[in-house]
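A.B. asks: Residues per chain are reported as follows:
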Amino acid sequence: MTSKHVNAVAATAIATAVLAGGTAVAPAQEQIRIVSHRQPALEYYTGQMQAALPDGRVTVELMPIDRQMELASITMSSQSDAIDVVYLNDTSLKRFAANGWLEPLDELWEKYKDEYNLDDFPASVIDSVSYDGHIYSMPIMTNTELFFYRSDLFEEAGIEPPTTMEEYMAAAAQLDTPRRAGTIMSLKPVDAALNEAHWYINAIGDGWFDEEWRPIFNNEAGVEAITMMKEMTQYAPRGFTSHANDESTINLQQGLAAMGLQWFTRAAAMDNPEQSRVVDQIDWVAPPGGGARLANDGFAISKFSSADKEEMFRMLAEAASEESMREGARYAMPPRLSVLEDEELAKQYRWYPAARRALETGKAFPAMPDFLDVGEIVTRHILQAVTGEVEVKAALDQAAAETEELLRSRDYYK
Amino acid sequence: MVRWQRGLWLFFLPSFGLLAVVLLWPLAYAFYLSFFDYYLGSDERSFVGFGNYVALLTEARLWASMWTTIIIAFGSVGLEFVVGFALALGLYRLHGSAKVLSVLLFLPHIVTPVVASLFLKWILASNWGLLDATLLTFNITPPDWLGDPFWAKLSVIFADAWIFTPLIMMVLYAALQGLDHALIEAAQIDGASNWRILRHIIIPALIPAIIFTISVRLMDVFRFFDIIYVLTGGGPGTATETITMYTYQLGFRMLQVGKASALGVITLVVVAVLLLSFNKLLNRIYRAGDI
Amino acid sequence: MRKTDNFARRRRERLLVFFALSIFTILNLVPLLWALLTSLKDPADAFTIPPTLIFEPTLEYHRQVWLENDFVRFLMNSLIVSAGTVLISVPAGSLAAYALSRIPRRSAGPILSTLFTIRMFPHMLLAIPFFVMGSYLHMIDTYPLLILALVAINQPFTIWLMHGFFLEIPRDLDEAAAIDGCSSWQAFRIVILPLARPGMTVAALFSLLLSYNEFLFALVLTGVDTKTLPVAIASFGGEDITSWSLSAAGAIGIMLPIVVIMLLLQRHLVRGLTAGAVKG
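Protein chains in written order, with my numbering: chain A, 1 to 414; chain B, 1 to 291; chain C, 1 to 280.
Don't read these hints as lab results, they were simulated from the structure.
Keep in mind that the hints are not guaranteed to be accurate.
[Said to hold, decoys possible] Looking from chain C toward chain A, a few residues come up when the C-beta cut is under 7 Å (computed):
(1) D5
(2) S107
(3) I140
(4) D141
(5) V224
(6) S235
No residue lacks a Cβ here, since even glycine has one placed at the ideal position from N, Cα and C.
Bound conformation, chain A alone:
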């Protein structure tokens, strides 16, 4: 008996008992349930999925990314069929695939290759939605972090957008006022803080790991990176330790911060007059120093789903069709070559030139299934360092030790 049936029976029994023979709850037609992170691009694409099937067949639940990951991994680890389709980025995809929670899509991919022109996705994108040689998710968007800055303020101050971290810090210091923070910083654990740290660790440090998965983020360059991050926080808005992408977006939109790292998917919101007080005042460049995060996001099908997998695959393919992505290009970079290489995009959306450069200098998270668990450890210690509870070096050493212990227990070192 699946959990859906258990629920229907229980609900009926209780409803009957409560209403003393009132109308019983009939088991609904099998629905497809999608769980996703809430942000503008994903709101659009999950909407496309709902439109692909008759009304009411598809329900979508959107929530902040850390909550979504929590819900998805709790549900999947219990092998429940309560989630059919789940939003995953390249890192969480590896974790879920390695744990055997996802349905491999190779056969369906082969079958529908021509109908949906799936060869249009570049090899690098296919690679990022694969694990161990199998395709596990339908690519929906390529996302990259951009450097957002207030062009009006920069012009007024007579400075150019930064190309190095030092210039970034100087600009943040210069534009910092009591009412307007120099720069946004999104340090809410886990997702947001990990993204921000990823940038510093790559731009100033030597990255997270060496080739044998030994942590190197606590070496001299790593300490320098997080020390700089700590110094940068003096120009961050109040409450930055609990800011994720939503809060940072609001701070930029409300004119409460002058610059900072934020996702491509938030660019369009800057020019939305209903939400933003800085329409046409924000400009974009590739993040100074390089090494900010690149991600490929997609939607995967749960191994435990009791819905029709082929139907779900077709629903995902509809949402990822060329037509759908042409419209979605406003919210996120479409991974399809036919759309991405369209010269019209840059004319239509001001942030595309910066994004193309960010694609070249950016860096994905380390390709390991356990990086999210590493993130749980690392962000906690980095926050301790940044808020001054622990010395930077000591915090990073401790983080490295715990990381190594975790990876050892997951058999990384033979």
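Following the hints, complete the assembly by docking chains B and C onto the known chain A.
C.D. replies: Here is chains B and C on its own, set in the frame of chain A:
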């Protein structure tokens, strides 16, 4: 034995049967799990004996979270008790006219804790929260209530107090109403000061209620979860990570259920020791007859 | 006239106390009122310095949260779980409590203190095995699992509470029934049960309060299907500029039913809170 008593044991059956299946069995299972290295992701488990306990007891994070728990627990229960008792005395003083006030004062306790924590978050949130927005209006730059390690702890204590002070107030108020009023009046006629009446008549009579409220609150505060989860998520860093938050992180975010079970068992031992010694202490004072 | 002086002084004191308590009460309710105001505001008014107090109220967000955001479904989940918990926990607990009140004190004592000890167990210690066992049985995200978990943590308190009520019903009544030839079941059903109704109301009220408000078990044992209101509001994202008014509307909506019920049944509430405290 009287005849009607004979079938009585059957009455225990449903309840104790339930308790055995849904309480004792899971607890025994948790105890059993605590001896395994068990990562729920890969579904592999291997027996490690006391490995989890040793690993936990030798790591700094456990002790840090233990301290945080103790600071928050005693801070909030202390605050709740002092304020709650003062409110109860005030209500008692007012007699009948206190009815409406007592209902209004009790309101925060009825609200679902998650919702109550959200209410407080909207007061304490930086920039847009009521407190921040008000202070910023007068050009005062307040501290970062939820983002600074020190203030975050205080905010959590304050939040717990907002939700649970009404409970202590209500219990003590009910206990006060059970007092023999003639005794107090006699003392008043004798010209005893308010302070002396409180110390020698009211407090001794209230000892059972006081022991009860403080013990119940202490055990609850050791396992409280919703308030921190909503307000700070244990952050910034680990500044408000209590032992319960840590267990949650281990068990349900990192899916290391063996280690998390071991931490649960450790928590149980700590709470038991703490409560037993607390009760012994108060009982001794109680028996001695005076404070 | 020393006595009149004394009287006047006490009157003055009382006025002072009343004044102080009133101010405290108002301050104490500020978070609640602020949330209520936020739920009636457009987001543009919610994000201002100084805070906006005068604005054109709108019920738009209350409408959205209930009609466009699945909150009705979450409310149904909460009601099903609460009803299930009450219907299992109260009858079972009452039976045990009755028996407990009728056996000799020296046997009842240890059972009662064991129940009290069980109350202090960390819920986290119970949540983990429930989760692992629930996974094996494929019962995660089903109503019965959450209901059973809530019964488990609720049962000791229910027994404790009902025990106090049954003690107040004289044993002579049972004995009289026994002389009339009733079995213990008949004595309980015909004679005792009608007298215990107020007690069962209190027990039901507290089981309801617990299961409606409970967060930890609901968080880990429910999923997309059976998510209850507290879990829904916590994962709503309270900070997003467009959803702040929406979250506030949701929060106020969750609060209202329980506040109304509690105000109506206030008498019983005090009785339950003080069970074990005042009577020792």
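A.B. asks: Could you tell me which of the hints above the structure violates, numbers in ascending order?
C.D. replies: Of the numbered hints given earlier, those the structure breaks are 1, 2, listed in rising order.
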